[in-house]
Each structure stands twice: as structure tokens, then as C-alpha cells.
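Asker: Single-letter residue listing:
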Amino acid sequence: MRCLVVEDEPEIRADLARALEAAGFAVDAVGDGEAAWFQGDVEDYDVAILDLGLPRLDGLSVLRRWRGSGRSFPVIVVSARGDWTEKVEGIEAGADDYLAKPFQMGELVARVRGLVRRGAGKLSPTVVAGRLRLDTVRMTATFDGAPVRISPLEFRLLDHLAHQSGRAVSAGELAEHLYGVDGSGDANAIEAIVARLRRKFGTELIRTRRGFGYLLEDG
Amino acid sequence: MIARSLRWRLLLAAAGAILLALALAWMFMTLLFERHLERRLEAELTRDALALVADLAFDAQGVLQLERQPGDARMEKPAGGYYWQVASVAGGLRSRSLWDSALPVPRDVPADAWRLQRRAGPFGQSVMVLERRLVIDSDRPPVVVQLAQDTASLSTARGEFGRELAVFLSVLWCVLTAAAWLQVSVGLRPLKRIPAGLEALERSAGARLPPQSLREVQPLVDSINALADARQKDLDTARRRASDLAHGLKTPLAALAAQSRRAREAGASEAADGMEQAISTIKLVVDGELARARLARLGQVRGASADVGEVVERLASVIEHTEKGGTLALGIDIPDGLRLPMEPEHLSEIMGALMENAARHARRQIRVTAVAAANGVGMLVEDDGPGLPPDRLQALQADSGESLDRSGYTGGGLGLLIARDLVASSRGTLRFGTSPLGGLRVAIEWPAGERLPVG
Numbered sequence: 001m002r003c004l005v006v007e008d009e010p011e012i013r014a015d016l017a018r019a020l021e022a023a024g025f026a027v028d029a030v031g032d033g034e035a036a037w038f039q040g041d042v043e044d045y046d047v048a049i050l051d052l053g054l055p056r057l058d059g060l061s062v063l064r065r066w067r068g069s070g071r072s073f074p075v076i077v078v079s080a081r082g083d084w085t086e087k088v089e090g091i092e093a094g095a096d097d098y099l100a101k102p103f104q105m106g107e108l109v110a111r112v113r114g115l116v117r118r119g120a121g122k123l124s125p126t127v128v129a130g131r132l133r134l135d136t137v138r139m140t141a142t143f144d145g146a147p148v149r150i151s152p153l154e155f156r157l158l159d160h161l162a163h164q165s166g167r168a169v170s171a172g173e174l175a176e177h178l179y180g181v182d183g184s185g186d187a188n189a190i191e192a193i194v195a196r197l198r199r200k201f202g203t204e205l206i207r208t209r210r211g212f213g214y215l216l217e218d219g
Numbered sequence: 001m002i003a004r005s006l007r008w009r010l011l012l013a014a015a016g017a018i019l020l021a022l023a024l025a026w027m028f029m030t031l032l033f034e035r036h037l038e039r040r041l042e043a044e045l046t047r048d049a050l051a052l053v054a055d056l057a058f059d060a061q062g063v064l065q066l067e068r069q070p071g072d073a074r075m076e077k078p079a080g081g082y083y084w085q086v087a088s089v090a091g092g093l094r095s096r097s098l099w100d101s102a103l104p105v106p107r108d109v110p111a112d113a114w115r116l117q118r119r120a121g122p123f124g125q126s127v128m129v130l131e132r133r134l135v136i137d138s139d140r141p142p143v144v145v146q147l148a149q150d151t152a153s154l155s156t157a158r159g160e161f162g163r164e165l166a167v168f169l170s171v172l173w174c175v176l177t178a179a180a181w182l183q184v185s186v187g188l189r190p191l192k193r194i195p196a197g198l199e200a201l202e203r204s205a206g207a208r209l210p211p212q213s214l215r216e217v218q219p220l221v222d223s224i225n226a227l228a229d230a231r232q233k234d235l236d237t238a239r240r241r242a243s244d245l246a247h248g249l250k251t252p253l254a255a256l257a258a259q260s261r262r263a264r265e266a267g268a269s270e271a272a273d274g275m276e277q278a279i280s281t282i283k284l285v286v287d288g289e290l291a292r293a294r295l296a297r298l299g300q301v302r303g304a305s306a307d308v309g310e311v312v313e314r315l316a317s318v319i320e321h322t323e324k325g326g327t328l329a330l331g332i333d334i335p336d337g338l339r340l341p342m343e344p345e346h347l348s349e350i351m352g353a354l355m356e357n358a359a360r361h362a363r364r365q366i367r368v369t370a371v372a373a374a375n376g377v378g379m380l381v382e383d384d385g386p387g388l389p390p391d392r393l394q395a396l397q398a399d400s401g402e403s404l405d406r407s408g409y410t411g412g413g414l415g416l417l418i419a420r421d422l423v424a425s426s427r428g429t430l431r432f433g434t435s436p437l438g439g440l441r442v443a444i445e446w447p448a449g450e451r452l453p454v455g
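In the order they appear, the protein sequences are chains V and A. Here the first sequence is numbered in my numbering, starting from 1 and rising by one per residue. Here the second sequence is numbered in my numbering, starting from 1 and rising by one per residue.
Be aware that a few hints might be false.
[To be verified] Here are some chain A residues pointing at chain V (derived, C-beta under 8 Å):
(1) Lys192
(2) Ile194
(3) Gly197
(4) Leu201
(5) Thr251
(6) Arg264
(7) Gly288
(8) Lys324
(9) Ile334
(10) Asp336
(11) Gln365
(12) Ala370
(13) Val371
(14) Asn375
[Stated by the list, open to error] With beta-carbon atoms standing in for the labels, derived distance ranges:
(15) Ser69(V) with Pro195(A): 19 to 29 Å
(16) Gln104(V) with Arg231(A): 35 to 45 Å
(17) Gly145(V) with Ala268(A): 53 to 63 Å
(18) Glu310(A) with Glu204(V): 21 to 31 Å
(19) Ile224(A) with Glu43(V): 43 to 53 Å
Since the hints were made in silico from the structure, they are not lab data. Note that the Cβ used here is the ideal one computed from N, Cα and C, for glycine as well.
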């Protein structure tokens with residue numbers, strides 16, 4: 001697993017590199033935005049940790065350039081500012097997670113592992129159901145070719161429905177799939193997820209068959 | 001109240017000045033009218049005197065004779081108000097109206113011109129006397145011809161004129177005072193807008209008074225705005241320094257955390273514990289300071305407007321990208337087009353802190369709902385986590401009067417404290433309760449005055 005660490009403070013950079021190496025990653029560490037952009041553009045990484053306050057080129061611009069040139073590895077944004085507007089900007093620029101400084105190294109390593117795990121171990125890279133296409137490596141979705149940002153939970157629900165070949169799935173079964181055997185009583189949580197997905201994709205994507213449950217629109 | 005009101009002062013000064021001017025006008029016009037009457041009287045007396053002189057003659061015995069009596073009826077009636085008298089050393093003649101009285105003959109009656117004088121006359125009347133010493137016959141001694149007319153009619157005419165003029169001028173005073181009131185009101189109207197602008201300035205250091213169309217008021221507005229600029233500059237400098245200091249501390253803190261971990265790895269667990277405790281305390285203070293700087297920066301901005309649905313959706317996209325948030329169902333129910341009069345950044349900080357708190361404690365789902373009602377906008381942030389026992393809820397609610405400044409940032413609920421202070425600064429209220437989902441329910445209400453039209 002290769003990891004890129006972008007941090008201008010040498011002490012923190014060294015500490016991040018040491019902690020991630022101890023967790024089993026091969027780490028490249030750079031200290032400015034220009035170098036980060038170049039490194040991320042030419043090398044293949046499984047994950048990147050990106051500080052936003054960087055010399056020469058700020059972190060958000062680096063991220064936008066990576067995403068603009070099709071680099072899709074997961075990125076955790078790290079910043080000292082910590083206000084919500086910056087968090088929103090970071091996520092909208094293509095970040096996958098966000099941590100405010102100073103952070104616990106254990107938490108950061110756990111999040112890096114979580115992001116890497118999301119993209120690992122999938123046999124089929126994409127699932128297609130009508131106009132919906134699910135990337136099971138990145139856990140992302142496109143609808144009519146346009147990317148739609150969804151949460152891991154929403155991805156798992158869509159993924160489950162996409163594998164049912166037009167069979168309606170009850171809220172109880174979906175809850176059990178998402179939350180395990182103790183989740184069968186969480187039908188209203190399923191309703192909330194479906195409502196949110198309908199807001200993102202439009203109301204036709206997930207249909208309700210009264211008395212049976214939910215199913216994806218016909219291909 | 002009157003002494004401290006510019007409007008009343010201007011109005012009273014104007015009313016007083018107008019009254020003085022009209023009183024002087026009344027006196028002057030009455031005097032002119034009296035002079036006019038006197039000139040008319042003099043002309044009448046002169047005309048009658050010349051007619052009288054033309055009819056005077058001495059007979060052969062040297063006795064003064066009047067060939068024809070003047071035709072004025074007042075001269076025939078005793079005390080009739082119009083008199084004539086001709087006096088000479090050889091005797092005299094006088095009108096019937098003088099009856100048994102006589103006009104006093106002064107020694108200094110002029111011979112070269114008629115003289116008009118006011119003096120006491122017969123029958124207790126005040127009269128105007130026209131008199132002249134004349135030679136009728138060069139062989140005879142000169143005679144003094146006098147015509148006198150009671151001035152009562154003059155006084156009556158002058159009095160009537162004065163009264164009518166006073167009534168007219170009083171009406172004119174009322175009209176001019178009303179005009180002055182209008183003038184003062186129109187003149188002071190631009191100043192009326194300034195308090196509203198100053199109120200906005202008080203609420204937000206970033207607000208400014210709008211430009212005035214009046215040249216005379218603009219310098220005042222410019223001065224106030226310059227003062228506000230200076231105040232904002234000072235505030236900005238202070239906040240920037242506080243914010244820079246807080247930001248500056250964050251990276252060294254992260255470095256210190258690294259050292260602490262190395263110390264722990266090297267076996268110095270006790271030292272590492274102490275360092276981590278200190279780091280955690282400093283982090284709380286720094287986060288609180290940054291939140292306060294943000295809070296001050298946001299403030300109240302006139303004309304600001306945030307699309308509630310859009311802000312919450314963008315925050316939801318952040319929440320669902322966190323590890324915990326990614327496992328939660330986010331239920332969002334906000335009417336389309338609902339807006340609040342604040343900066344989107346302001347609303348983001350409120351809702352971000354509350355949604356993050358909900359996500360931290362939720363088991364499966366969080367729910368964000370908004371309702372626009374006639375009496376305001378209400379929002380709910382709920383989770384299905386363990387919630388808080390009633391005594392903790394009460395303590396949290398009772399503490400709601402406390403601000404971030406006074407809280408000392410202890411107790412761990414910094415996000416809730418920040419949200420509460422931000423809600424208070426946007427004139428809303430925040431209440432804690434238990435959600436039907438089972439967890440914490442945070443209810444925010446903004447009164448109707450704070451709501452913008454939906455659409």
C-alpha cells in the first residue's frame with residue numbers, strides 16, 4: 001500500500017510518515033503544494049494525506065488539480081482552520097475525509113485504513129443497473145454518466161438493490177443487510193436513506209412496490 | 001422634551017421670528033394707514049378753508065362778513081364735529097356747530113402757509129385744526145382762519161383697520177408656522193434615517209451608513225463611516241492577531257503530540273500522559289478562541305441570506321464522508337427555497353456543529369428538519385443515540401444563558417456551545433430535549449422578523 005503525505009511542518013511530516021510506515025504503508029512525504037501536485041500526478045498511490053495550508057500551492061488547489069486530471073485515490077484533508085466552510089470546500093474539491101489539527105495519530109491511521117479498505121477486495125469493479133453505475137472499488141456512483149456523491153451506507157443499499165435483478169426488497173431485509181441481524185427494527189432509517197437517495201438521483205431510481213419493498217428502476 | 005428637541009427648537013424659533021415680523025408689520029401698516037387718513041383730512045380741510053376764505057369780506061363799517069355759509073351739515077349742528085372760526089381784532093365769525101364755544105387762537109399762527117395741528121377742541125373732543133393768518137383786505141387787520149374736525153372718526157377707522165389687519169396677520173402667522181413645521185420636518189428627514197444605520201453599525205462592525213443624497217448631511221455620514229472604519233480596523237487587527245495566534249499554536253501542538261507519542265514509545269508513559277493532558281487543554285482553548293474569532297467575524301450582515309436546504313445538504317456531504325457519518329442514514333426534510341437572513345457561512349457553523357454532534361452520538365440515523373411557520377422558522381436536529389438523562393438536559397438548558405466567553409471551554413460540548421452562541425448572535429433560541437428517535441433533539445427557533453420570504 002502506497003501513501004503520499006503532504007505536510008509543510010517537518011516534525012509532523014516525519015511523525016506521519018513514521019506512524020503510517022509502522023502501520024504497513026510505503027510512504028512518500030513532500031513539504032509543498034507544487035511537489036505534492038507533481039508527485040500525485042505521476043505516481044500511483046492508494047491514499048494521500050493532504051495539509052491545506054501549504055507553501056507555493058495551497059492544498060485545495062492541489063486536490064482540485066489531482067481530481068481534474070483524473071487522479072482518484074482517496075484523500076484525507078488535514079487543516080488547522082477547522083471551520084465548516086473549509087470542510088465543505090474540501091469535500092466538494094474531492095476529499096474523502098477531513099481531520100482538524102491537532103489530531104490523534106491513532107485516529108488518522110484508523111481513517112486511512114478505513115478509506116483504503118473501502119476500495120480493496122472487490123472482485124467486480126463496476127455494477128450497472130439501468131442508468132446507474134456503481135464503482136465498487138471507489139464506492140462511487142454515476143447516474144446518466146454524471147458522478148453523484150453518496151455515503152458508504154447509501155452505496156451499500158444501492159449495491160444490494162442492484163444485485164437483486166428487479167426483486168423488491170423489504171425495508172427489514174435492507175436493514176438486516178446494512179446493520180446485521182440486530183438492525184431489523186430500523187425500517188425508518190432505511191426510509192431516510194431512500195428519501196435522501198431520491199433527492200440525489202431523482203424519484204424514479206428507487207421505486208416502492210407497496211407491500212413488498214424497494215427496487216431499482218428497470219434497466 | 002421641547003428644550004432637547006431640535007425640531008421643536010427650530011419650530012419655536014421660526015414661530016417667534018414670524019410673530020415678531022408680523023407684529024412689526026402690523027404696527028407699521030397701522031401707522032401708514034393713520035398717516036393716509038390724516039392726509040385725506042388735511043386735503044378736505046384745506047379745500048373747505050379755501051372756500052371759506054373766498055367768501056370772506058369786510059363791509060363798509062369794517063365788520064367781517066361771510067357771504068355764503070359752508071354747505072357741510074356737520075357745521076350747522078351744535079357739537080357736530082366739524083367747526084370753522086374766523087377771528088380778527090374787529091370781531092369774528094364762527095360756525096353754528098361751535099355754539100357757545102370757541103376755538104383757541106394761538107399767537108403763532110403762520111401767515112405764509114396752512115398749519116395742521118392736533119389739539120384739544122370744544123366739547124371735550126380731540127380735533128385736528130387747520131389754521132392760517134390771512135389778510136383779506138389790505139386796509140384791514142389780518143384775520144385768523146381756523147377749521148377743525150373731530151378726530152373720533154379717524155380713531156374709529158384706524159381701530160377697525162388695526163383689528164382687521166390683526167386677524168389677517170394671525171391667519172398668516174398660522175400658515176407660515178405650518179410652513180415652517182413642514183420645512184423643519186422635510187429638512188430633518190435625512191437625519192431620521194441615521195439612527196437605523198447606527199443601529200446596524202452597533203449590531204455589526206461591518207455595516208456602514210448608506211450614502212445620502214443631501215450635501216449637508218453627507219459629511220456627517222462620512223465622519224460616522226470613517227469612525228466605523230477605524231473601529232472595524234482595530235477589531236480586525238485584534239481578531240486577526242487572536243486568530244493567528246490560535247492557528248499558529250495548532251501546528252506546534254501537532255508536533256508536540258508527535259513528541260508525546262515518541263516519549264510513550266520510548267517508555268516514558270507518565271511524561272506522555274502529562275503532555276497529552278496539556279495538549280488537550282490547550283486544544284480546547286485554541287478551538288474556543290478560533291470559534292470566537294469566527295463568531296465575531298460573521299456577526300450580522302444586512303441583506304445576507306442563506307438557502308437553508310442548500311447549506312444543510314452541503315454539510316451532509318461532509319458528514320457522510322466521515323467514517324462515522326458514512327454509516328448513518330441522514331434524513332433531511334427542508335422546504336424548498338426556505339431562506340434565513342444570515343450569511344451561509346454563519347448558518348454552516350451552526351448546523352455543522354449540531355449535525356457533527358448528532359453524528360457523533362447517533363446509532364443509525366440523524367434527522368434534520370425545518371418548518372416555516374407564520375411566527376418564524378423552526379429547525380430540529382435529532383439523533384437516535386443514547387440521548388441525555390433529564391438532569392443533564394436540564395443542566396444543558398439552564399446553562400444556555402452562558403456564553404462561550406464565560407464557559408472556559410470546559411465540559412467537552414464545545415460544538416454545542418459554539419452553535420448556541422452563533423444562534424444567539426442571529427437572534428434565535430436553542431432548546432435541548434429528547435427526540436422521538438431516542439437521542440438528543442436540538443430545536444432552534446428564529447422569530448418571524450428574522451425570516452425572509454420563501455421562494
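Asker: None of the hints should be skipped; say for each whether it holds.
Answerer: Hint-by-hint comparison with the structure:
The interface hint given for Lys192(A) is violated, since its Cβ lies 38 Å from the closest Cβ of chain V, which is over the 8 Å cut-off. Below 8 Å, beta-carbon pairs count as interface contacts, and Ile194(A) has none with chain V, the closest being about 34 Å; its hint is therefore violated. At its closest, the beta carbon of Gly197(A) sits 29 Å from a beta carbon of chain V; the interface hint therefore is violated under the 8 Å criterion. Residue-level restraint check for Leu201(A) is violated (minimum Cβ-Cβ distance to chain V is 25 Å; threshold 8 Å).
About 5 Å separates the beta-carbon of Thr251(A) from the nearest beta-carbon of chain V, less than 8 Å, and the hint is met. With 8 Å as the threshold, the beta carbon of Arg264(A) stays out of range of chain V, its nearest partner Cβ sitting at about 11 Å, so the hint is violated. A hinted interface residue such as Gly288(A) counts as satisfied when its beta carbon comes closer than 8 Å to some beta carbon of chain V; here the least separation is about 12 Å, so the hint is violated. For the restraint placing Lys324(A) at the interface with chain V, the shortest Cβ-Cβ distance is roughly 10 Å, beyond the 8 Å limit, so the hint is violated.
Here the hint on Ile334(A) is broken, as its CB sits about 10 Å from the closest CB of chain V, past 8 Å. Among the interface hints, the one on Asp336(A) is violated; its C-beta lies about 11 Å from the nearest C-beta in chain V, farther than the 8 Å criterion. Residue-level restraint check for Gln365(A) holds (minimum Cβ-Cβ distance to chain V is 4 Å; threshold 8 Å). Of the supplied interface hints, the one on Ala370(A) is violated, with its beta-carbon coming no nearer than about 14 Å to a beta-carbon of chain V, more than 8 Å.
Given hint, Val371(A) at the interface with chain V, is violated; its Cβ is 17 Å from that chain's nearest Cβ, farther than 8 Å. The restraint placing Asn375(A) at the interface with chain V is violated, with a minimum CB-CB distance near 27 Å, outside the 8 Å limit. Separated by about 57 Å at the C-beta atoms, Ser69(V) and Pro195(A) break the suggested range of 19 to 29 Å. Take Gln104(V) and Arg231(A): their Cβ atoms lie about 41 Å apart, and the range 35 to 45 Å holds.
Separation of Gly145(V) from Ala268(A) is about 57 Å and conforms to the stated range, judged on CB atoms against 53 to 63 Å. For the hinted restraint 21 to 31 Å between Glu310(A) and Glu204(V), the CB-CB distance of approximately 23 Å keeps it satisfied. About 59 Å separates the C-beta atoms of Ile224(A) and Glu43(V), a value inconsistent with the hinted range of 43 to 53 Å.
In this structure, the hints that do not hold are numbers 1, 2, 3, 4, 6, 7, 8, 9, 10, 12, 13, 14, 15 and 19, in rising order.
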